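Trainee: Full structure from sequences and hints, please.
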Amino acid sequence: MIRVKVFPPYGCDRSALDERSWMEVEEGSTVWDVLKIIRLSPLKAKLLLMSVNGERASPSQKLKDGDVIGFIAPVSGG
Amino acid sequence: MTSFAGKILCIDLTTGVSETRSVPEAVYEAVLAGKGLAAWYLYAHIPAGADPLGPENILCFAAGALCGSGSFLTGRWTVACKSPLTGGWGDANCGGLFAPAIKQCGYDAIFVSGVSEKPVYLFCDGRKVEVRDAAPYWGLDATEAENALHRDLDPVCRKKPCVACIGQAGEKLSLISGICNEGGRIAARSGVGAVMGSKRLKAVVLAGTKPMGCADPEAVKALSRELGRKLLKMTMPSGLGVFLGVGGRMMGHLPYLPLDGSLTSLMFKEWGTQGNTSLAITSGDGPIKNWGGTPRDVRLMDMVYNPEHINRIEMAKYHCYSCPLGCGGKLNIRGRQHVTFDDTHKPEYETIQAFGALVLNKSRDSIYEINELLNRAGMDTISAGNTVAWAVECYEKGILTREQTDGLELTWGNTEAILTLVHKMIDREGFGDALADGVKQASEKFGGTEYAMHVGGQEPGMHDARNDPQLGVHYVAEPAPGKHTVGMGIQYGAMSLCDICSWAPPAKLHSKKDDIEDTETMALVSKANACYTMLTDGAGGCYYGQMMGVHMWKLVDYLNAAEGWSYDGDHYMEVGERIQTLRQLFNVKQGYDPAAVALPRRMAGDPPLSDGPLKGITLRNREQVSAHWKAFGWDERTGVPLPETVARLGIPELLSLEGS
Amino acid sequence: MKKRPKFDYLYCVSCGICAQACPVSALGMAKEGKAGKYRNLFPEPVKEGCIGCGLCAKACPMGAIEMEDYEDDPR
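Residue numbers (our numbering), protein chains in the order written: chain A, 1 to 78; chain B, 1 to 660; chain C, 1 to 75.
Check each hint, because a few of them may be wrong.
[Stated by the list, open to error] Simulated restraints on C-beta separations:
id	chain 1	residue 1	chain 2	residue 2	range
1	C	23	B	44	29 to 37 Å
2	C	11	A	36	56 to 64 Å
3	B	362	C	33	54 to 62 Å
4	A	26	C	54	44 to 52 Å
5	B	520	A	33	30 to 38 Å
6	B	135	C	33	54 to 62 Å
No wet-lab data here; the hints were simulated from the structure. On a predicted model such as this, the values are computed, not experimentally measured, just so you know. All C-beta atoms in this analysis are idealised placements derived from N, C-alpha and C, irrespective of residue type, glycine included.
Mentor: Rendered as structure tokens:
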């Protein structure tokens, strides 16, 4: 099993995430597997500029232990 | 070898004597450089009761620990002193190119005490230190002065000098003036410009070429390469700015979400901080109409401040030292309405909001002009905007009369009048003279104190605590009050501090109502945020590096590689805690009363707004601040660090270490 | 044989570390260009006087600078 951190957008299923937003998945899991667990369609994921470790990723990308999966977020400037 | 220079330069402008002092390694281990080093030195050397505009105040220019090590987003410099605006700790942070210039002279920081009889500038090239006559430059605005110094000194210096200087505002001791660099970057807050002006110090000019060290350069560069590769690839489709207003409206109603901070870089690369404006106008983040308005008062203004307008006139982006993002830019503004300049640095969000929605000004062009005027004068746009907004509200309410305003019709959105008032503030002419020292002094003179938005004397940044109560905690509890750059709930949620710090609570999906509660968890969140920010400031890091989150901008790894240490996140968070406590001790020594600082009623939502995203919100700020102090191990009622906390952090030992 | 920096702008992030490392300020962030879709400023020689010390190449975290040999044109 490997651990990945996920920041699901609104409306997703967060039940597989622990307190710190990490979840366990099988070795060799892909981004698509995570999308299925959090119930986010690949189209929405693409529109939200889904990234793994800050880099654009395709759903078929294999995940490594410690990967961080995120989506565009409007956080502010100063 | 570490990335610390190991030395500081101390100059007394009264006597003209300068000396280099070594700093014990234990100091760097305890508080890094930057703000930490400044706190260590200034606590010991500024006597209690010092006049902030007198010879006993010491002005510090400090580079951060990681500056020059090969790390990215570590080119910030800190100016620190006793603040004439708040009477306590004062500091201002800036990017540009000045930080490595300090290190390349062989110093981590420069401390200037005393007062010069005549205008002078400081020159250092790493071999000699000279106090030189600044008569030819006194009276020039900051950009003119910088250009003139380059014209005179570039031909005779091997390395192109780097200049930090004040404009007319600092020369005229405006308490809301700052110190400028690179023709548009400014260390703006706390009235640091007035302190420099009171010393008759026009500029600090540095032209050193000393190498900047690092324990493990290859490891540091590898971290940077990894980050740089990712940021190079990060782009967004163009034109999305038009959706930000809508996005803001949605955000105003949705619960808080933990976010992946790495994607904040997209916004900074695409737009810079000005990308926040249209979002802020609709989401509740941005204050409207002197903090008393709602989005209803500024309908369609999010379209006026759609960031694509600014992108269209951007000639090129520019980067602060060691930054791969490049949130800065130069704009072509020639020929625009109200504009007398050809170009200006892209205004920051703070400037646009302070002179836009805060005063119901719909003229984007006027803001370019105001931006350039205030950058050149060296006056803080946040403080100036808040002060102008107060004046407008008071005029509208009849508290100020036309006689008092020199005939200016200070009505909401009256662009002409606002522009004229800005000129008067810069020149300290007529009515402008009273406003040039900020809103607290202006309202004490004219009245309307309930409309004067300041916290402990300093005007707040353009982020509403009613939208993000964590901001309210930091506005009040932070040793330099009114700063929006210490922490925010939404920023906390993007950083994943829980993954490097065992006691930092994880960010959770939660409704905004939960943020108002003074729970122990919220107190640990605000404590963790403040500690991490102090750590970042000791390292010389940029807020937008922080915001990327710990998985992108690996501060702990950078520090270990650059200094040859192998500490964990908890250790470094304690460094941040130590810096924060030392700054508060400075306040206590200087007679600043933390318990007397409070949010203005309006900012606390007392009474609450009746429409918009902030409808019905009243903060429990006093309670949250007490809980925050308790989490720091400070007295809950007085905000004074408790003796056991001071002992636990090893502060007495730290202060017993002297530079030699 | 003299040396001078050669830039591979594909890897450059415009951080300016190289320009600051140059002891004679021969490098400046002056070259206008595009990094993907963004108009950015890149390092280039801004005056005569490069001493071939290689500090820029050494400092660049991205490995975007190499020192190359060159000979002056005989005049």
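Trainee: Now tell me if each hint is right for this structure.
Mentor: Now the hints, each set against the structure:
no., hint, verdict
1, C:23 with B:44: 29 to 37 Å, "35 Å, holds"
2, C:11 with A:36: 56 to 64 Å, "37 Å, violated"
3, B:362 with C:33: 54 to 62 Å, "36 Å, violated"
4, A:26 with C:54: 44 to 52 Å, "49 Å, holds"
5, B:520 with A:33: 30 to 38 Å, "37 Å, holds"
6, B:135 with C:33: 54 to 62 Å, "41 Å, violated"
Comparing the model with each numbered hint stated earlier shows that hints 2, 3 and 6 do not hold.
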